[in-house]
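S.K.: Spelled out from the first residue to the last, the chains are:
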Amino acid sequence: MKVTHYSCPVCGFAKLKEPPRSASGGPSYEICPACGFQFGVSDDDDEISYEQWRADWVHSGMEWTSLGITKPRGWDKQKLQILPEAGA
Amino acid sequence: MTRLFWISLFVWVGALAHGVELVGEPQVRVENQVAMLRWKTDVACGTRVSFGLNADQLDQKVEGGVTADHEVTLKDLKADTTYHYSLGSARQRLHSGSFVVGVSASSATAPERKSILTKVLNIFTPEPKPTPKAAPSMAQPRAPPTHQTWGRLETLRDHYDRHGADFGCRSEDDYAAQAWHFLQRGKAGEVPMKWDDSDGTLRVFDPQTRAFAAYNRDGSTKTFFRPNNSSYWQRQPGRSIKPANLPF
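Chains as they are written, first to last, in my numbering: chain A, 1 to 88; chain X, 1 to 248.
Worth flagging that the hints you see were computed from the coordinates, not collected in a lab. All C-beta atoms, glycine included, are put in the ideal place defined by N, C-alpha and C. Keep in mind that the hints are not guaranteed to be accurate.
Quick list of simulated restraints, FRET-style, between CB atoms [as the list claims (entries may be wrong)]:
#1 H59/A x R157/X: 37 to 43 Å
#2 Q140/X x V58/A: 32 to 38 Å
#3 S198/X x G74/A: 21 to 27 Å
#4 E63/A x E154/X: 38 to 44 Å
#5 E63/A x A79/X: 35 to 41 Å
#6 Q78/A x P207/X: 40 to 46 Å
#7 Q78/A x E190/X: 44 to 50 Å
#8 M36/X x G74/A: 55 to 61 Å
#9 A79/X x V58/A: 32 to 38 Å
#10 Q78/A x G24/X: 37 to 43 Å
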């Protein structure tokens, strides 16, 4: 069975388990294990834009943020290549 | 009493308008394998210092109460070791830096890097959050095991780390159990619920305590936290649903 993954619009991490927004516009509440953005909280409650979060994450060294999900092998090289363009 | 009310209201409105910001530079003092971090914020908010040996892995943390004058002591540090840290609250990192624990007494001033988040989180409402209603001790069923109530177990630690303090949770299991109990309140008709047909998400909110949770279509928990924004519930999609119409 093929498992569908979704891309994080903030950092480009390609293995989110749910689309960040459903058809209704509702958030997934998923926390991106790479950049730590929580859809529906970081944006809807804390009112931080993708661009602002991305800039801060890049500034802090693009650290893998999840405490419970293991960093994928090769992440430190991948992360530089998957980063969405600013404004994406 | 009336005067106290108006002062409290003024402080609260002020907090809404300005958000949390550092007041001055944090101070880090290191002596005898103990580090004391002190910082001030313009309004009261939670206290958390995350620290570790690697800037990429701040795997230890110390938390404190809701205050504007924060002080955290890190004990039993290793000598001749550089520690990296970030400080702020559970949801907001205000500052990060590093310090060195020497063999002899030493002190350091925190480096000047200030998180961009500090500048953009101005909507954050930092007033002390109300204590959640104590669930009735009588007739409260024991929550099922966490692996049955939490949707994706590998995510629980991150949600607990970020939101567990909202409810005074003592562990990941406690956090998951409280989320399950909150769902039972929804199913009992005590708090409003919204059902989102587009992806089968159930949203539950308590206007009294501002507790919010989202659940998967099978009733397992997606997240559980206390929004700061007063219009959060109104902005979440879904149609009102009665307990009898839930699919689980």
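S.K.: Look at each hint and say if it fits the structure.
M.R.: We went through each hint and held it up to the structure:
Under the hint 37 to 43 Å, the C-beta atoms of H59/A and R157/X, about 25 Å apart, miss the expected range. Judged by the Cβ atoms, the range 32 to 38 Å given for Q140/X and V58/A is violated: they are separated by roughly 46 Å. At about 35 Å, the CB distance of S198/X to G74/A disagrees with the hint of 21 to 27 Å. Evaluation of the 38 to 44 Å hint for E63/A and E154/X yields a failure: the beta carbon distance comes to about 18 Å.
Checking the proposed 35 to 41 Å range against E63/A and A79/X shows it is violated: the Cβ atoms sit about 26 Å from each other. A hinted range of 40 to 46 Å holds for the C-beta pair Q78/A and P207/X, which are about 44 Å apart. Distance hint check for Q78/A and E190/X: the Cβ-Cβ separation is about 46 Å, which falls inside the suggested range of 44 to 50 Å. A beta carbon spacing of about 39 Å between M36/X and G74/A contradicts the range 55 to 61 Å that was offered as a hint.
The hinted window of 32 to 38 Å between A79/X and V58/A holds, with their beta carbons roughly 34 Å apart. Range check, Q78/A to G24/X: Cβ separation about 39 Å, and the 37 to 43 Å hint holds.
When each numbered hint is compared with the structure, violations occur for hints 1, 2, 3, 4, 5, 8.
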